[in-house]
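*Asks:* Throw the hints in and build the complete structure from the sequences for me.
Each chain is listed here by its residues.
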Amino acid sequence: MDFDLSDEQRMLQDSVTRLLAEQCSFEQRQSHLAEPFGYSHGLWAHFADLGLLGLPFSQDDGGFGGGPVDTLIVMTALGRCLAPEPYLASVVLGGGLLRDAGSAAQRAASLPDIAQGTLTVALAHAETPARYDLAHVETTAHAQDGGWTISGAKRFVLSGDSAHKLIVSARTQGAANDVSGISLFLVDAGAPGVTRRGYRTQDHGRAADIRFESVHVEAGALIGTLGAGLPHIERAADVATAALCAEAVGVMERAHELTVDYLKVRKQFGVAIGSFQALQHRAVDMLVAIEQARSMALYAAMMCDEPDARKRARAISAAKVQIGKSARFVGQEAVQLHGGIGMTEECQVGHYFRRLTMIEILFGDSSHHLRRLARAGGLAEG
Amino acid sequence: MDLRFTADEIAFRQEVRTFFEQALPADIRRKTELGQRTSKEEMLRWVRILHERGWATPAWPDEWGGTGWDPVRQYIFKEELHLAPAPEPISFNMNMVGPTLIAFGSAEQKRHFLPRIARMDYWFCQGFSEPGAGSDLASLRTTATREGDHYVIEGQKLWTSTAHHADWCFVLARTDGGARKQQGISYLLMDMKSPGVTVRPIVTIDGHHETNEMFLDKVRVPVANLVGEENKGWDYAKYLLGHERSGIARVGVSKMRVRRARQLAARVLCGGRPLIEDERFGERIAEIEVELKALEITQMRLIAEIGQRQDGKPDPKSSILKMKGSQLQQASAELLLEVAGYSALEFDPAFVAGSAATVEGDDWALALAPNHYWARHVSIVGGSNEIQRNILAKTVLGL
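Taken in sequence, the protein lines are chains A and B.
Per the numbering used here, residue 16 is the first one in the first sequence, and the count goes up by one each step.
Per the numbering used here, residue 5 is the first one in the second sequence, and the count goes up by one each step.
It is worth saying that the hints were derived from the structure and are not from the lab.
Take the hints with a grain of salt, since some may be wrong.
Below, computed lysine to aspartate or glutamate pairings styled on EDC-like, alpha-carbon distance capped at 20 angstroms [stated by the list, open to error]:
(1) B:44 x B:56
(2) B:398 x A:272
(3) B:398 x A:224
(4) B:398 x A:22
Cβ-Cβ distance ranges computed for the label pairs, FRET-style [to be verified]:
(5) A:48 x B:21: 30 to 36 angstroms
(6) B:384 x A:324: 43 to 49 angstroms
(7) A:168 x B:21: 30 to 36 angstroms
(8) B:380 x A:395: 50 to 56 angstroms
(9) A:158 x B:87: 21 to 27 angstroms
(10) B:366 x A:168: 42 to 48 angstroms
(11) B:384 x A:285: 31 to 37 angstroms
(12) A:226 x B:21: 55 to 61 angstroms
(13) A:285 x B:184: 55 to 61 angstroms
(14) B:284 x A:285: 48 to 54 angstroms
(15) A:19 x B:284: 40 to 46 angstroms
(16) B:186 x A:48: 49 to 55 angstroms
We put the beta carbon where it would ideally sit given N, CA and C, even for glycine.
*Replies:* See below:
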C-alpha cells in the first residue's frame, strides 16, 4: 500500500489549485455562471493550456496519459470551488467513453479537440422511465440508407445544452429493459431533428432534455459493436461516479472549512459559538464523515481500472453509498451550524449544500447503490 | 498511490493465516467464534504459542522481541488474528505497560519485566480509573507517600479489568498533592500479592465478571518500581493515548462479526427462506461493509500520515479511528444479534463465561445479546467517544 502522490501528481495538484485560486473564487464563479451556458470559456481555455482537458486520454489521442488518481486530484480541486465547468460531463464521462469504446478514427476526430478545449461532448442516455437503471433504453435506431436513424427522448443530459457532440444510446434490438441491443452513436448536436431544452440545475450547473426526431447519422457514427453498448455505458458511468466521489470530497472539505471558520467568528452569549461543546462535536462528526468519504473516493479511483466489471461495480457502488451518506450529513450540518445565515443565497455554504444534494442523486442515489451492492453479494469477498 | 496490498504483503497474510490455522487450538477457536469469553488458562496457553513463534509482541522494538514489521504488516497480522478468530493478547501487557517501560522504564525494569510481560508470566492490569476520576482521569485521588525505600499507596481504583487474574498492576497515584492536578501523578508497578490489595468483582450488564473495583490499603511498593521520574506519570499515561495505532479501530473484529453474520444468516430461516435472501437484511450487511471498508482505508491512510510525522508524537487524528472503530464494533455486534432473533433470548452467563461444556439451547446465539451489551463499553473505555470529539475539536479543528 502506498498513499503518496507521485511528484507529477503533486505538481498537478499544485497547479490546478493555483489556477482555481486565481480564476475561480466564489465571486468570480458568480460571474462565470452568468456567461452563456453557465461557465467561463476563458477558464476552460486555461484548463486546456494546463493539460487538464486531455488528462485522461493517451498521448496517441492527444492527451497526457493520466490515470484515475489524476482525475481524482482535478475533481477534488474543482469541488472545492464549485467550478461549474463541464469537466465531469465532457472530459470524464463523454471523453472517457470515447477513449474506451471509440474506434481509432472516432478517437482521432474528437479526443485531441476535447483536449484543446475546442470540442465538448455529452452523454445522452437517461430516459424518464429508467430512473437509475442504465439498461432501460426506449430510444431507437433503425438502419437506413447505409446509416442509422435515431428517434427518442433523452433527459437530464449533463451539460447537454452546450455540448457540440452527443453520445446517444439507442436500441437497435430488443425490448426496453434488455441488457443487449443497446448501441451508441456519436451525433452532432446541431444535426437536423435534434432539439434541446437546456436548463439550470439546482446547483447552478447546466443540463438538457434532448429530443431526436428521425435524426440521421452515417454508419461511422456507431461507437463500438452493434448492440453491445451497455458495458461501455456502465463503465463510463462507474468511472464518472468515481470522479464525482472525488469532487464530493472537495465540496465537503470546503463546506466544513467554511463552517469551522464561522464557528470561530460568530459570537452569541458573548462568546464564539465554537466554544460550545454541542457544536464542536457536530463539527467533529463532519470531519469523521469526510475522512470516511475521502477513503472511499480513493477506493473508487483505484477500482476504476479493475478488469472484472462485477468487482468494479461493487466497489463503485460502495463508494457512492458512503459518499451519499457523508454528503447528506455534511451538507445539512454545514447549514445547521451556520444558523439563519446558512439559509441565504448570499452565504457560500448553501451553494455547497446544494451541490452535495445533487451529487447524491447523480448516477444513482445511496439507496440505488446499496441495493446494487447488496444484490451483488456485498463487499464480503474484498 | 496504490491501495492494493503488494505481492509481499499478500504472501505475508497467507503466512500468518496458515500459522493461525495450524497453531490456534481448536477449543479456543471454537469459543471465540461463538463469542464466549477467554479464560485465564486459555489466554496464557494462546499467548505462549504466539510467543514461541515470536509474534506475541509484534509492535515492540526488535531488541525486546518485536518483529520489525511495518504498520501495514502489523495491521494484516492483527486482522488475521481477529478473523482466525483468535483472542487478542491482553492489551494491558502488550500495548500498554510494555511500550511504557520500553519508552520510560529503567534498564533494570526493562530487563526484569519486559520478557515476563511478553510471555505473560506477569499478567498486568491497569489501575487508572477511580470512582471520582473517569473521563477526568487527572483528578484521581489515590496517593502514594514516600516512606524510606517504599511508596505507600492508599486509595480506590475502579474498572480494574482482569485484576482477578493479574499478577501485577500499573498504577497511577498522586505523589504531590500541591501541584497542578496533572503534575503530581506517578506511574508505579504494584505486585497484586502485596498486603492491602483487595479486589472485588463487578458484574457487568452482560452478566459476566471481567472487571473489578480494587481497594488499596497501605500497599507498600518498592521505590525501584517507580517508572521514570516521580510526578511525571501523567505524561507517560498520555504517551500511550493514540500511540497504539495499528489496532485501535479493531477493523478485524468487526469484519469477523460481519462474516459470521453472513454465515449464520444463510442458516437462519425467515418464513422458511434463509435470512440472507431477505433484501432488506442484505442491505443492512452491505451498509456495514461499506463503512468498514472506508474505515480500513482511513486507518491505513492515517497510519501512513502519522508515520511521516517528525516529532514521533501521537497524532490526535487517531481519535477518528477510536470513534469510528467503536461504532462499527457495536454495529456489527448488533447485526449478529439481529440475525439470532428469538434464539438470543436465553440467558446463560455460564456459557458466555465459557464454563458450560454443552448446552441444549442454540449455542451459536447464546453469547450474541451479551456481546451486544458488552460492546457498548468500547465507546466508553479509554477516553469515551465524547472525549475523543473534544480532543479532535481542540487539536484538529482549533475550536
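*Asks:* So, against the hints stated earlier in the document, which numbers end up violated here?
*Replies:* Hints 3, 4, 5, 7, 8, 9, 10, 13 not satisfied by this model.
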